[in-house]
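A.B. asks: Chain residues, written in single-letter form:
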Amino acid sequence: MTAFLIRRLLLAIPTLLLVMTAVFALARIVPGDPALVILGDQATQEALDALRERLGLDKPLAAQYIEFLGGILTGNLGTSLITGKSVWSEVVAVIPFTIELTLAAILIGVLLGVPLGLYAAVHCNRWPDTLTRLISLAGLSFPAFVSAILLLLAFAIYLRWFPVISSPALDDPIERIRHLALPALNLGLIMTAYVTRVMRASVLNVLGEDYIRTARAKGMGARVVLWRHALRNALIPVATVVGLYLGTMIGNSVLTEIVFNRPGLGKLILGALDQRDYTLLQGLMIFFAGLIVLANAATDIAYGVIDPRVRYRS
Amino acid sequence: MTSAAAPTLNRSSGSKRFLSQPGSKFGLGVVILVVLAAIFAPWIWPIDPLEQDVLGKLAPPSLEHPLGTDSFGRDVLSRLLHAARISLFIGVMAIALALVLGTAIGVAAGYIGGWFDSMVCALLDVLLSFPTLLLGLMVVAMLGPSVENLIIAIAITELAPFARVARAPAIALRGREFVEAGRALGFSDMRIVVVHVVPNLLSEVVVVASLWLAAAIRTEASLSFIGLGVKPPTPTWGGMIREGFEHILDAPWLALAPGFAILITVLGLNLLGDGLRDALDPKAQRE
Amino acid sequence: MHSIRRPSVSDDPILRLRDLGVEFRIDDQWHGAVRGVDLEIGRSETLAVVGESGSGKSMTALAIMGLIPAGNGRITAGSSIRLEGQELVGLAEVELDRLRGNRVAMIFQEPMTALNPSMRVGEQIAESVRKHRGLDRSAARAEARRLLDQVRMPSAAQRMDDFPHQFSGGMRQRVMIAIALACQPRLLLADEPTTALDVTIQAQVLRLLSDLKREVDLAVMFITHNLGVVALIADRVAVMYAGQVVETGAVEAIFSQPAHPYTQALLRSMPRVDRDSSDLEPIAGQVPSIRELPTGCGFAPRCPLAVARCTAQLPQVEFRSPHHSVRCWRHGEHA
Numbered sequence: 479m480t481a482f483l484i485r486r487l488l489l490a491i492p493t494l495l496l497v498m499t500a501v502f503a504l505a506r507i508v509p510g511d512p513a514l515v516i517l518g519d520q521a522t523q524e525a526l527d528a529l530r531e532r533l534g535l536d537k538p539l540a541a542q543y544i545e546f547l548g549g550i551l552t553g554n555l556g557t558s559l560i561t562g563k564s565v566w567s568e569v570v571a572v573i574p575f576t577i578e579l580t581l582a583a584i585l586i587g588v589l590l591g592v593p594l595g596l597y598a599a600v601h602c603n604r605w606p607d608t609l610t611r612l613i614s615l616a617g618l619s620f621p622a623f624v625s626a627i628l629l630l631l632a633f634a635i636y637l638r639w640f641p642v643i644s645s646p647a648l649d650d651p652i653e654r655i656r657h658l659a660l661p662a663l664n665l666g667l668i669m670t671a672y673v674t675r676v677m678r679a680s681v682l683n684v685l686g687e688d689y690i691r692t693a694r695a696k697g698m699g700a701r702v703v704l705w706r707h708a709l710r711n712a713l714i715p716v717a718t719v720v721g722l723y724l725g726t727m728i729g730n731s732v733l734t735e736i737v738f739n740r741p742g743l744g745k746l747i748l749g750a751l752d753q754r755d756y757t758l759l760q761g762l763m764i765f766f767a768g769l770i771v772l773a774n775a776a777t778d779i780a781y782g783v784i785d786p787r788v789r790y791r792s
Numbered sequence: 490m491t492s493a494a495a496p497t498l499n500r501s502s503g504s505k506r507f508l509s510q511p512g513s514k515f516g517l518g519v520v521i522l523v524v525l526a527a528i529f530a531p532w533i534w535p536i537d538p539l540e541q542d543v544l545g546k547l548a549p550p551s552l553e554h555p556l557g558t559d560s561f562g563r564d565v566l567s568r569l570l571h572a573a574r575i576s577l578f579i580g581v582m583a584i585a586l587a588l589v590l591g592t593a594i595g596v597a598a599g600y601i602g603g604w605f606d607s608m609v610c611a612l613l614d615v616l617l618s619f620p621t622l623l624l625g626l627m628v629v630a631m632l633g634p635s636v637e638n639l640i641i642a643i644a645i646t647e648l649a650p651f652a653r654v655a656r657a658p659a660i661a662l663r664g665r666e667f668v669e670a671g672r673a674l675g676f677s678d679m680r681i682v683v684v685h686v687v688p689n690l691l692s693e694v695v696v697v698a699s700l701w702l703a704a705a706i707r708t709e710a711s712l713s714f715i716g717l718g719v720k721p722p723t724p725t726w727g728g729m730i731r732e733g734f735e736h737i738l739d740a741p742w743l744a745l746a747p748g749f750a751i752l753i754t755v756l757g758l759n760l761l762g763d764g765l766r767d768a769l770d771p772k773a774q775r776e
Numbered sequence: 125m126h127s128i129r130r131p132s133v134s135d136d137p138i139l140r141l142r143d144l145g146v147e148f149r150i151d152d153q154w155h156g157a158v159r160g161v162d163l164e165i166g167r168s169e170t171l172a173v174v175g176e177s178g179s180g181k182s183m184t185a186l187a188i189m190g191l192i193p194a195g196n197g198r199i200t201a202g203s204s205i206r207l208e209g210q211e212l213v214g215l216a217e218v219e220l221d222r223l224r225g226n227r228v229a230m231i232f233q234e235p236m237t238a239l240n241p242s243m244r245v246g247e248q249i250a251e252s253v254r255k256h257r258g259l260d261r262s263a264a265r266a267e268a269r270r271l272l273d274q275v276r277m278p279s280a281a282q283r284m285d286d287f288p289h290q291f292s293g294g295m296r297q298r299v300m301i302a303i304a305l306a307c308q309p310r311l312l313l314a315d316e317p318t319t320a321l322d323v324t325i326q327a328q329v330l331r332l333l334s335d336l337k338r339e340v341d342l343a344v345m346f347i348t349h350n351l352g353v354v355a356l357i358a359d360r361v362a363v364m365y366a367g368q369v370v371e372t373g374a375v376e377a378i379f380s381q382p383a384h385p386y387t388q389a390l391l392r393s394m395p396r397v398d399r400d401s402s403d404l405e406p407i408a409g410q411v412p413s414i415r416e417l418p419t420g421c422g423f424a425p426r427c428p429l430a431v432a433r434c435t436a437q438l439p440q441v442e443f444r445s446p447h448h449s450v451r452c453w454r455h456g457e458h459a
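Residue numbers (the numbering used here), protein chains in the order written: chain A, 479 to 792; chain B, 490 to 776; chain C, 125 to 459.
Next comes chain A alone, as it looks inside the complex (with noise of 0.2 Å):
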């Protein structure tokens, strides 16, 4: 088990190292001046010289490598042109927020989904399969923003369950959980169509297997062999692909966020955009590189936890 595990994350190393050269080579060969960009062309030469010396950008690019990846070996991901904070000490006060908002909107998504996927399934092919595929065909179809503005205008400005604009730290947790009700609720039903999906997928090709053909001939009723046989087995691919699925919600958080005003990584970044705060963008490039990354290898080795043939394969 333990080798697994070692391996998997040496694994992961190469894969980040990669993925951080291609983020440095993404910056750098981009036509054009970044200096420029972030200035404006109203911006006189010096200040364009100032800012290129500031940012490192007037040395040899072998030199600029070098100190880009000692940089995120010491966990400096650059510091921010606006407010001079580093970029790590930005990240850490905004993320419990984008933390919470996920967590909250994976419970649903798994809470909701599964059962679905299961029970549309079991309908295979009759109405309430249809009916459920183009539920979740619909949920997925909708744009994160879209379907964001349709809960606030309903649940928030028409029946006025819920406020408006969500600020997320308050101390009475009823209070609390009402401002993180509709932004998790918005990614949660995104994620609940998806988890649907792969649910039913996964337990239709369990259904379609021989140990349950085995299973039958044992004499165990077909309940007893969806809940006991199929169930576990079907719910493995599930959670990988869930895991998988960790990028695209937080591209999806980020629309919540905006729509619902709630801190976040969302709103650093879009700040980072308005502001032109460069460094900024690059750390949170380099931030959510690394985090697709570390993200991929546990959903590997959560895998391999799950499922015992994985785990003792040589």
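One or more of the hints may lead you astray.
Selected chain A positions facing chain B (Cβ under 7 Å, derived; list incomplete) [stated by the list, open to error]:
id, residue
1, L489
2, T493
3, L496
4, F620
5, P621
6, V624
7, I627
8, T726
9, G749
10, L751
11, F766
12, N774
Listed next, with one range per pair, are the computed distances between beta-carbon atoms [said to hold, decoys possible]:
id, chain 1, residue 1, chain 2, residue 2, range
13, A, L589, C, A194, 29 to 37 Å
14, A, Y597, C, S204, 35 to 43 Å
15, B, R672, C, A432, 54 to 62 Å
16, A, W705, C, R392, 47 to 55 Å
It is worth saying that the hints were derived from the structure and are not from the lab. Beta carbons: idealized from backbone N, C-alpha and C, even for Gly.
Model the placement of chains B and C on the given structure of chain A, informed by the hints.
C.D. replies: Here is chains B and C on its own, set in the frame of chain A:
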């Protein structure tokens, strides 16, 4: 993967399966409708989408303006139809670019193999799981907002599936005898690859293109909503929602109309893609 | 490997099939995969069901168990399956569940995929014991352990909590046998249980089955396409072709005096130690597809003895001796 001989696509049963699914027919119908509306926009509703009428701004739906007017008094329906053109154009261009680039990368990786292949695969994995919006956002931020850069940015987010699809048959090609024979006859590697790989890809590429065109339109709308899309006054669906969001309390139709348009188009494309995949994939019994 | 050979079927067979048919729907049309099958198995008797792929032998077994895939398949109306006198056709699913794994059990061909990969093997055995014999968890567990011992599983106690992928093919098949025998069934349906195994492992599993048969007084329907295995383990043989039984009889009779041209052809195509392999005669032609079944005798297109009557009329079953039946207009003649 099977040999380089083109798979015997049972055309008749494939199209029969496709047409038997109500979802696919609906999706196809919707897509055709949207495309037609986009192409014939100025003839369907001949009001200038850019013409302002500040006095009549934020008017609710009426006979004269079936979807009302926006904060500059411009007719929303007209803007909606013209936005369809822009959004579809950007989406299709982005997919076309992604197709060409992605296929090239995928084929190269599969054919060359070795460390190059492993490297490309690792990058593709990350690309695939990276949030598309953030990726597009960062590329546009780097390159600067313009229609061309928007297309490039979206194309980058759509690369990975095409590369994946193209890679598999290219691997099968590696080291086969007729490749050696072809080389001996003087054919360049490139020609060998094109002649043998491309015919196999067609069906899978069509499915991927349809599904990811839906994603491309969603991404474009999202980017425009954030403000990184096409600059005003050119109408795009995402941009219209952005403007409409500011007036969400007193004029909700401004945001709802383009939102509905996006939903219908994306849903139609998804249904179409799903239907195509079920029809062309012999393992369709699973669904 | 000598079992007590009983060529005659007792008056009280444990399994009786009469006019059994299984049909499948392809493109909105029903086609027969099994047609008009009459078979009997006596208590403690081993019947080998022999035929090429597509002859319908597996479907026959699945029909007995009530495991024909429901969407596109069904048992033809008018079929009868009597297990210890009880009619199974038309029985409610709940009733069938009580019989499966309990009075009648089945083992399958692919040990790799036939066991639940995420459930420990001990539990897969104990589950059956708990349901049919009403034992509690610890008693069932002890019983599972005993069963693993019975199928000669080395270190049974430790291996009980292992997962299927930790076993080799032959070992997995032993687990399957343990599961099948857990509730002391009267009839075991074995669908090519050794086909997917190495030859040496095959021999081991066959020996195990043979020993167990004696130990627990079990009737077995052994499905195979390998005549060599038939010679080792069977008391009687039923030969199937294109969904029908074409010949049944005692093992000695079938091997020494095959009456149906298909049986004769099968024997001629079988490699034997005492014959030169250049004498092997493969059977020309192919098994007809389920959608294009001939109107007369199913074997006629490939039969060296075929005449006009064969293609026109389906041969009836005729008895050459009290326990040797054939379905052929020209039975007993040789090419």
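A.B. asks: All hints are to be evaluated individually against the structure, with a verdict given for each.
C.D. replies: Each hint, compared with the structure:
| no. | hint | result |
| --- | --- | --- |
| 1 | L489 | violated (9 Å) |
| 2 | T493 | holds (5 Å) |
| 3 | L496 | holds (5 Å) |
| 4 | F620 | holds (6 Å) |
| 5 | P621 | holds (5 Å) |
| 6 | V624 | holds (4 Å) |
| 7 | I627 | holds (6 Å) |
| 8 | T726 | holds (6 Å) |
| 9 | G749 | violated (12 Å) |
| 10 | L751 | holds (6 Å) |
| 11 | F766 | holds (6 Å) |
| 12 | N774 | holds (6 Å) |
| 13 | A/L589 - C/A194: 29 to 37 Å | holds (31 Å) |
| 14 | A/Y597 - C/S204: 35 to 43 Å | holds (38 Å) |
| 15 | B/R672 - C/A432: 54 to 62 Å | holds (60 Å) |
| 16 | A/W705 - C/R392: 47 to 55 Å | holds (52 Å) |
In terms of the numbered hints stated before, the structure departs from hints 1 and 9, listed from lowest to highest.
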